[in-house]
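Participant: Chain by chain, the residues:
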Amino acid sequence: MGQEKKKNNLKKFRIIIAIFFFLLVTLFFVDIYELIPNSFYKFFLSFQFFPSLLKIISSLSIFSLIGLTIVFIFTFLFGRVYCSFICPTGVLQDLIIRISKKLKIKRKFKYSKESKVLRYLFFILFLLFIISGTITLVGLFDPYSIYGRISSNIFLPLITNLNNGVNFVLEKFNYYGLRPITYKTFVSYAFIVALVNFSVLLVFAIFSGRSYCNTICPVGTFLGLISRLSIYKIAINKNLCTSCGKCSVVCKSNCIDFKNKKVDFDRCVVCFNCFGVCDFNGIGFNKSIFRKVNIDVDSSINETKREFLLKSFVASGSLLLSSRLAKAISYNNKNKILLNNIPIIPPGASSIEHLNNYCTACHLCVSICPTKVLQPSVLEMGLQGFLQPHLDYSKNYCHYECNKCSQVCPTGAIRPISLEEKKLTQIGVVHFEMKRCIVYTDETSCGSCSEHCPTQAVTMVDYKDGLTIPKVIPDICIGCGACEYACPVRPIKAIYVVGNKIHNKAKPPKMDKPILNTTEDFPF
Amino acid sequence: MKRREFFKKTIGAGVFAGLSASMLNFKDIIASHDNKKISAPYDLVAIKGGNPVEMFDEAIKAMGGIQTFVKKNQIVVVKPNIGWDLPPERAANTDPTLVGRIVEHCIQAGAKKVYVFDNTVNEWTRCYKNSGIEDAVKKAGGIMVSGKDEKYYQEIEIKNGKSLKNAKVHELILQADVFINVPILKTHGGTGLSLAMKNLMGVVWDRGYWHRNNLHQCIADFVTFKKPHLNVIDGYRVLARNGPRGVSEADVVQMKYLILSPDIVAADAAATKIFGWDINKVPHISMAEEMGVGIANLQKLNIKRITL
Chain A
1 MGQEKKKNNL
11 KKFRIIIAIF
21 FFLLVTLFFV
31 DIYELIPNSF
41 YKFFLSFQFF
51 PSLLKIISSL
61 SIFSLIGLTI
71 VFIFTFLFGR
81 VYCSFICPTG
91 VLQDLIIRIS
101 KKLKIKRKFK
111 YSKESKVLRY
121 LFFILFLLFI
131 ISGTITLVGL
141 FDPYSIYGRI
151 SSNIFLPLIT
161 NLNNGVNFVL
171 EKFNYYGLRP
181 ITYKTFVSYA
191 FIVALVNFSV
201 LLVFAIFSGR
211 SYCNTICPVG
221 TFLGLISRLS
231 IYKIAINKNL
241 CTSCGKCSVV
251 CKSNCIDFKN
261 KKVDFDRCVV
271 CFNCFGVCDF
281 NGIGFNKSIF
291 RKVNIDVDSS
301 INETKREFLL
311 KSFVASGSLL
321 LSSRLAKAIS
331 YNNKNKILLN
341 NIPIIPPGAS
351 SIEHLNNYCT
361 ACHLCVSICP
371 TKVLQPSVLE
381 MGLQGFLQPH
391 LDYSKNYCHY
401 ECNKCSQVCP
411 TGAIRPISLE
421 EKKLTQIGVV
431 HFEMKRCIVY
441 TDETSCGSCS
451 EHCPTQAVTM
461 VDYKDGLTIP
471 KVIPDICIGC
481 GACEYACPVR
491 PIKAIYVVGN
501 KIHNKAKPPK
511 MDKPILNTTE
521 DFPF
Chain H
525 MKRREFFKKT
535 IGAGVFAGLS
545 ASMLNFKDII
555 ASHDNKKISA
565 PYDLVAIKGG
575 NPVEMFDEAI
585 KAMGGIQTFV
595 KKNQIVVVKP
605 NIGWDLPPER
615 AANTDPTLVG
625 RIVEHCIQAG
635 AKKVYVFDNT
645 VNEWTRCYKN
655 SGIEDAVKKA
665 GGIMVSGKDE
675 KYYQEIEIKN
685 GKSLKNAKVH
695 ELILQADVFI
705 NVPILKTHGG
715 TGLSLAMKNL
725 MGVVWDRGYW
735 HRNNLHQCIA
745 DFVTFKKPHL
755 NVIDGYRVLA
765 RNGPRGVSEA
775 DVVQMKYLIL
785 SPDIVAADAA
795 ATKIFGWDIN
805 KVPHISMAEE
815 MGVGIANLQK
825 LNIKRITL
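Protein chains in written order, with my numbering: chain A, 1 to 524; chain H, 525 to 832.
Same shape as in the complex, but just chain A (with noise of 0.2 Å):
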């Protein structure tokens, strides 16, 4: 296209990092021979917008604060930056971007008004939304937890079948190097919203650019409303432009309005792509290279009485919808908890109702889970528990060894604890039922349930003839759910766990005085 006449640094600079913060994320999510340490999820997640508000709300996190500090700064200084260099929703789109213009369906991108009552009505939803605790309906359009529902639903189940193909034709070979991986992650309801997720962001990607995050996100309006206020902002110099528009066709976020010369920095994600297509420098950082050219940016911000009206309109409007939601919501909730069978969550969740306020269904738990018992609900803890994390029992058991969940949890949803302090929380408490047991209906030997306990809370006392029978310790149980997933009675089991609704401390495991070593001759 004859545009490649100036370096433009700071473009390749942005997409460095990009591809960097891009990669990491995706790696996080597809990690199936568990190489990454836990501190690289604390570290460089916190850098994800609203993961990290969350998780300083949830759990006064110090390395969040830090990471959206970093956020905010940047945002003050040049504008919406995450937007382009960190959010990988943002950069998944910018992806598709690029490959659709190499497969020539989309070009050329030209100015567009900004859909502000849409933009805003959205908005205040998601306030809303965050005010009543359904932070899962915020999930459902928060560019990390998208991008994170892709990578868990969609890139891991390729990436499993992958190894799985390789590690096949290698072992026919007799080299075992390669292991399999087992797989039990494929949701199909998750794997539903994880690709409608992916289509809306395909359409709005080729067809207008970064129009979801300047509608839709959350995030995106968000930062765009501070970077009002930043210090270095992206503008067309008068004198110099000639309204020839180079800029504005590759202005992915439609914000370059050449004709009256003006960009709208609210809507801009700084991705630098106009700097190198100017012939004559007419476009860039205000205060840098036009200081000392005076030009005016902060004219398009000048709202007329009629848009105050209408976004206070929409304001109170949607205030009174969405409590209205809100409040059906909550009390359906109440209702299935009591109803049915109480839901398992991850221990370190601490409550139902804590997860329910603070997971924005990004699916990471589910995706490092080493024993995959972690999986996206649908209603188990109704609308508002919808996609989060919750424990399958007939999938597999909580491993004793195992706090993976709570390490790598980007919103403090499942809060940070100790491997020991996870051997001691409650997340449930086994049950068992004597007439559907083995040893009692069959009078044959068992103990699957007793072999898989951890603690001793299911142990294996005299019945008859020999025979051993299960007996519950309820005070020391974890209610991992190894018993119930061992229990080999079918189709309901004869041992199983019913989930705490709010997480209580186990008291420790018996350890009595150690048995004295015993030292005879050979008995035969």
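Read the hints as simulated data drawn from the structure, not as lab findings.
These numbers come from a predicted model, not from an experiment.
Be a bit skeptical, because a hint or two may be false.
Said to hold, decoys possible - Taking lysine-lysine pairs in the PhoX-like style, the calculated list, with each CA pair at most 25 Å apart, reads:
| id | chain 1 | residue 1 | chain 2 | residue 2 |
| --- | --- | --- | --- | --- |
| 1 | A | K372 | H | K653 |
| 2 | A | K471 | A | K507 |
| 3 | A | K172 | H | K636 |
To be verified - Not everything, but these chain A residues come out facing chain H in the computed CB check (under 7 Å):
| id | residue |
| --- | --- |
| 4 | E443 |
| 5 | C446 |
| 6 | G447 |
| 7 | Q456 |
| 8 | F522 |
Every residue, glycine too, gets a C-beta built ideally from N, C-alpha and C.
With chain A fixed as given, assemble chain H onto it according to the hints.
Facilitator: Structure of chain H alone, referenced to chain A:
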């Protein structure tokens, strides 16, 4: 075009190679090696008082060396107990130094390949790692294989089985020339003790079926299908309570025993006695004896006893 052609060829070659490899494997199964009569100087060697490596070295020497069981260029599968994500001190898994030493002996005897696996109870990669067995085996030159994927397991028929008529068995067990069974002696809430025969629950896919259908009988039934060529029972650290997993190190007793026998029933009977129990407390031992798998009456056997 060139690139595409290259891909086509590579994929073609890969598919062809894969298919032919699977045909070869199939052939192996058809010609599956029977348990030939092994001429060992003793029916059973019991040894005590040393560390696992010393005890194994002495015991296998008494048996005429590992060469009695492993010939040159043979493929060996070693099946320890790696069921739990616990360190060696907790005595829930077979001692890693013992497993490593057995692999070393096999390699020294000229074994072509030595595979080690278990269908673990806990998440398998953690069990392999934290039991110390993966490291020990790799250091000794053996190969760790997963036991946690159904694709490895092949349906077999157990003709003499009473409760267990079919099972899906790990392909390595079916293909290997030599099968060495290395359990650890420990208590078990369901079966009393977990010994050599019980350890074979880790070579099948669906253990739940066994638990549902008279566990002791299933354990005995399976041995009528496959008897290991050599059983090495690790009685160095013994989980004397709360088995098979244990709650803490308080459950562990250091007994410093090792039993070595080609007869799985005899090995289990001897281990039961060492634990101080009557063999009737572990019903699958006499069940297996009745089915003609081996001899539980130790007085009938030629036993070598060694104290270090």
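Participant: With a cut-off of 7 Å on the beta carbons, see whether A:Q456 makes it to chain H.
Facilitator: At about 5 Å, which falls below the 7 Å cut-off, the nearest Cβ of chain H leaves the hint on A:Q456 intact, so it holds.
Participant: Would the hint on A:G447 stand, with a C-beta cut-off of 7 Å toward chain H?
Facilitator: At 2 Å from the nearest chain H Cβ, A:G447 passes the 7 Å test, so the hint holds.
Participant: Restraint: A:E443 near chain H, CB-CB cut 7 Å. Satisfied or not?
Facilitator: A:E443 check fails; min Cβ-Cβ to chain H is 9 Å, beyond 7 Å.
Participant: Between A:K471 and A:K507, is the straight-line Cα distance small enough, at 25 Å or below?
Facilitator: holds (17 Å)
Participant: Does the alpha-carbon distance linking A:K372 and H:K653 stay inside the 25 Å limit?
Facilitator: holds (19 Å)
Participant: A:C446 was flagged as interface toward chain H. Is the shortest Cβ-Cβ separation under 7 Å?
Facilitator: Result: holds, 5 Å to nearest chain H Cβ.
Participant: Min Cβ distance, A:F522 to chain H: is it shorter than 7 Å?
Facilitator: Holds, about 5 Å.
Participant: Holds or violated: A:K172 with H:K636, Cα cutoff 25 Å?
Facilitator: Within the cut-off at roughly 17 Å; holds.
Violated hints amount to a single one, hint 4; each of the other numbered hints is respected by the structure.
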